[in-house]
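Dock chains B and C against chain A, hints included.
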Amino acid sequence: MIVYTLFVVSLIVFAITQVLPADAAVMMLGENATQEALDALRATMGLNAPIWQQYLTWLWHVVQGDLGTSLRTGQPVGPVMFEALGRSLLLAFLSIGLMLVLAIPLGIIAAIRRGKVADMVVSLISYAGVALPEFVTATIAVLFFADWLKWLPPTGYVPLTEDFSRGIAHLVLPVCVISIILIAHVSRMVRSELVDVLHTDYIRAARLKGISRGQVLRRHALRNALLPTITIVALDVGYLLGGVIVVEEIFAIPGIGRQLIVAIQARDLPAIQAGVLIMAATYSIVNFIADILYAWLDKRIQYD
Amino acid sequence: MIDFTKRLLKTPQGAIGIFLVVFVLLVVVFGPLVAPHDPEKLSPLARYKGPSLTYWLGTDQYGRDIFSRLLIGARATVVMAVLATIVGTLIGALIGTASAFLGGRADELIMRTIDAVMSIPSLLFALLVVNLLGSSTVNALVAVAIAFAPGMARITRSVALSVRKQDYVNAAVARGESAGYIIRREMLPNVIAPIIVEMTIRVSFAVMLFATLSFLGLGAQPPAAEWGLMVSEARRYMHLSAGILIWPSVAIAIVAVGFNLLGDGLRDALNPRA
Amino acid sequence: MLEMKRRFFLAGTAAILATPSLGFAQAAAPAKGGTLKISVDQAVSVIHPLLTRVNPEYLVTELLYSNLTRLKVDMSVEPDLAESWTPNEALTEWTFKLRTGVTFHDGSPFTAKDVVATFKAILDPATASPGRNNVGPIADIVAVDDATVMFKLTGAYADLPVSMAYTSARIIPASIATGDLKSLSTKAVGTGPFKLVSYEPDRLIVVERNEKYYDPARPYLDRVEVQVFPDISAEGSAMMSGDIDIVSTIQPTEYLRLDGSDGVDVLRTPSGQFCNINFGCDTAPFNDPRVRRAIALTVDREAMVGFVTEGFGTEGNDTPLNGSYQFFKGVKQREQNIEEAKKLLAEAGFPNGFEATLVASDRPAVRTQLAVALKEMAKEVGITINVQTMPHATYLEQVWKKGSFYVGFYNMQPTPDGIFKLLYTSDASWNETRWNNKAFDALVNEARGTIDTDKRTELYTKAQEIMNEEVPSIIPSFFDVLSAKRSWVSGYEAHPRASVFRLDYVSLTADAPKRG
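Chains as they are written, first to last, in our numbering: chain A, 1 to 304; chain B, 1 to 274; chain C, 1 to 516.
Isolated chain A, as found in the complex:
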């Protein structure tokens, strides 16, 4: 299934890069290249072959793990992209972590105290979270926490291996900015799932049997309500990877999103192809794991 996904993505991305308004040979040699030099390069790069043949050649190289050479820097694309992916994944995992720590309790509180002040407050937070695009929240966050309050470094990236505490300090703002929309989304989902579950006959019956509210909640309701959250979080990874593009651009984090933006701006076709493929693969793998996790937990709940 992942294989099929990647096959479709490879077709899409190859098609798009073929028709992008840019000439790979011109991009590589620059604006001062002579016609002869361009023709020679086109021939060596195989740009004169039929499209399907170019696609198959490219695909064959990709399958073998060779993602091509950057037209912009002349370096192999693969290692650069995977290193960048590592940085983005760190950002993504921290964001998901922060989101889970905040969104699930918020959702539960809102569901239990439905219609009360706590519910209102959680709603307010979640609506505020989806009110602005990341580039605006990021801008405001830098202005406020870095420029005015001077609590955190404004932008930049320091590898954790180089200086752990400074590295973390540089990650705080980007992680918060990415998590905001996720927190808003997931806390609402948890709330509505839990509200649904609390209304099922099965929970009502448990309550009638005299089991305490807290116990019902812990032993039955939460498990059923949190299960779908796994799927939602996995689907949100797609959104997360998109958000990473903007956040990395503003915070100068050399992750895969930023690599992709640079590649798209410079019409660095091999880099675009590799970047999109890697992003799609990441998303598919996360969802695949989520599916397995879901099935496994679902079984456990049934037998419980």
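Hints should not be assumed to be uniformly reliable.
Here are the simulated lysine-lysine pairs, DSS-like style, with alpha carbons at most 30 Å apart [claimed, not checked]: (1) A/Lys116 to B/Lys41; (2) C/Lys212 to C/Lys182; (3) C/Lys343 to B/Lys41; (4) C/Lys379 to B/Lys41; (5) C/Lys32 to C/Lys195; (6) C/Lys375 to B/Lys49; (7) C/Lys187 to C/Lys514.
If you want the footprint, here are the derived chain B segments under chain A, 3+ residues with CB under 8 Å [said to hold, decoys possible]: (8) 107-116; (9) 127-138; (10) 227-236; (11) 248-262.
Simulated from the structure, these hints should not be mistaken for laboratory data. Beta carbons are placed, not taken as given, at the ideal position from N, Cα and C, and that holds for glycine.
Just chains B and C, lined up with the frame of chain A:
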């Protein structure tokens, strides 16, 4: 219908949502008529002004009236977002319904392909599409619509399938009703409702996506007063006058929150249990 | 209380006593050591010294390589690898005496052979070096002996020593120039003040002091880290927080923000850098000089300086020269004149104006600002301009040198000849206006073979007059070059050329934070 409206207005989300969305729609329709200034008129001597009686929300980096620009830009921003969402939904609904109708192998293949397309983040997908077509408002609209279509296709299909399995549909089939009657009277209303809810919420995502495309230099063309473009241009001047950044952001937030609230309100009203 | 006062007094005395000697020491010899962090606003995609195209790339190759000559901050030439130079009477042959005892980073000695091989590589069309058209009219170059080279030119040329300082005319070893030239895309073998430590195009480039640099005193720094900041506002924030020591180039809006910020010095120098509106002079309606002049007459130049430079610039007069260049004398300043513009348009057959699409790439953002402002100004005479922005790569591919109405952006060149031959003569490297004016060409060609300053100034002034009359491109304003540094950085100055940095003269004072 009246009963439904009552239910919608009874929820706080629904009430506030309706209020905000109606307010935004009023601005869309009447904004350009009441704008006090020409939104593109440069005033070299009135740049970076704070709010005043002449310029209610101050002026921007060219000395243009921010208030007038917001009023006029509402059309470019909101109408585009709604249009993109509708187009995306229609494409998605078509694919989703077709997939559910065809069933079997075809359904499997279509859905797997949809999943594959969804594995490319929608922002990235929109980015690629706009780069392909060239940056303009219309192309951004196409990009957002295409980016939304797979998600809508999934939702439509699952709703259509679940509705098909409902007791009342089976009952209607058992009663010997015609297929046309069943689709029209039993299925359609129940399929459309969740899709409208989803669409409403997606409008706010569309506004964000448009704004983000503008931030990356791929959306509306200056000097358009599209709000996302206004915010992204303002980032360069915000240290000279915060208002340039704040007011269009507030406008975007109102639209985003409004449509979100309305969507939630609609969902609650349609599904009284939750 | 008394105790405290006394201690304070003693400490104060000690400080006063210590100051003169400290101050003297600093003036005499800058402190050695330390790591300097400098930011750039674009990726350093290319470190091949013959293929660089943008300022951040020039910055890095300037650290790693040397030219024959280099440009001082006052735009005059000083020796680098060449110690002295002399032309023949006719200015058609130039002899350069080279520095001896210099070695490349790989330990091999630097000789005249390397200079010859480097220039042959630059001039070879297959290399596709941007320097090819900018190093002067070189016909041949020969090594007279190990420490002397002679350039034979195709015609008289007075500016050759300046051309030798061109940003992509860095000297590389002959073994690489005639061998694996491509290998310089990922490594660096130069004679520059610093050696390459690591290279990540989109994040960080690190260089360390070259202990064998030909001047034992320089560089003062142990290490330089070049950091890439894609977002200019983020770059400004990093400067304010002290994360970086120098912002290589800043936009006027960020300059205003940093000005007055604690511990930050803003730097500003007038320059010949400009943004222009290019006309395709072979395409209707822009093939009619009256139409071009009419549009130029709609421009309110004072307002334009405000819109595109926030006041950090000077009014332009539709010629690429201003007071920052040598041999400059102004011609009559063009002012906004709507009546005259309408008259010209009517004469040209457009009494009701016309509609045209003006293309502006998205980098730097000032291109769009200029386009939007021109759109409003041209409205006055009935010309409808639709602004079309596009990603810079698309612009280079589809519009640059091909379009007939678009916004350009150019660094100041070292000489008037440099800018004219880059953009405006019929044989210009980037003849983007296709203006092809014979009288203008003749004046520029005569001036490049003229040594006498007054005579040369007169020729360039005549050339400017023709240009001002014909308007192949509107140059509404010039930019000042803006930069910023922490107060603990000493010896750094903003260079009018915007692509020269001279970081080997920079040092850190005792106030600088200690960094690994």
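Pair hint outcome, C/Lys212 versus C/Lys182 [Cα-Cα no greater than 30 Å]: 25 Å, holds
C/Lys187 paired with C/Lys514 [C-alpha distance capped at 30 Å]: 29 Å, holds
Outcome, coverage hint (the region 127-138 of chain B, chain A; C-beta under 8 Å; three residues): holds (count 6)
Coverage of the region 248-262 of chain B by chain A (three or more Cβ within 8 Å): Coverage by chain A holds here, the residue count being 7 at a Cβ distance below 8 Å.
Assertion that chain A covers the region 227-236 of chain B - criterion: three or more residues, beta-carbon distance below 8 Å: holds (count 4)
Hint consistency between C/Lys375 and B/Lys49 [alpha-carbon to alpha-carbon, up to 30 Å]: 22 Å, holds
Hinted pair C/Lys379 and B/Lys41, Cα distance within 30 Å: 10 Å, holds
Straight-line alpha-carbon gap A/Lys116 to B/Lys41, limit 30 Å: Given pair A/Lys116, B/Lys41 is violated - Cα atoms ~50 Å apart, limit 30 Å.
Given pair status - B/Lys41, C/Lys343, alpha carbons within 30 Å: Holds: C/Lys343 and B/Lys41 sit about 24 Å apart, inside 30 Å.
Within 8 Å of chain A (C-beta), three or more residues of the region 107-116 of chain B: holds (count 4)
30 Å limit on alpha-carbon distance, applied to hinted pair C/Lys32 and C/Lys195: 17 Å, holds
Against the hints set out earlier in the document, a violation occurs for number 1 only.
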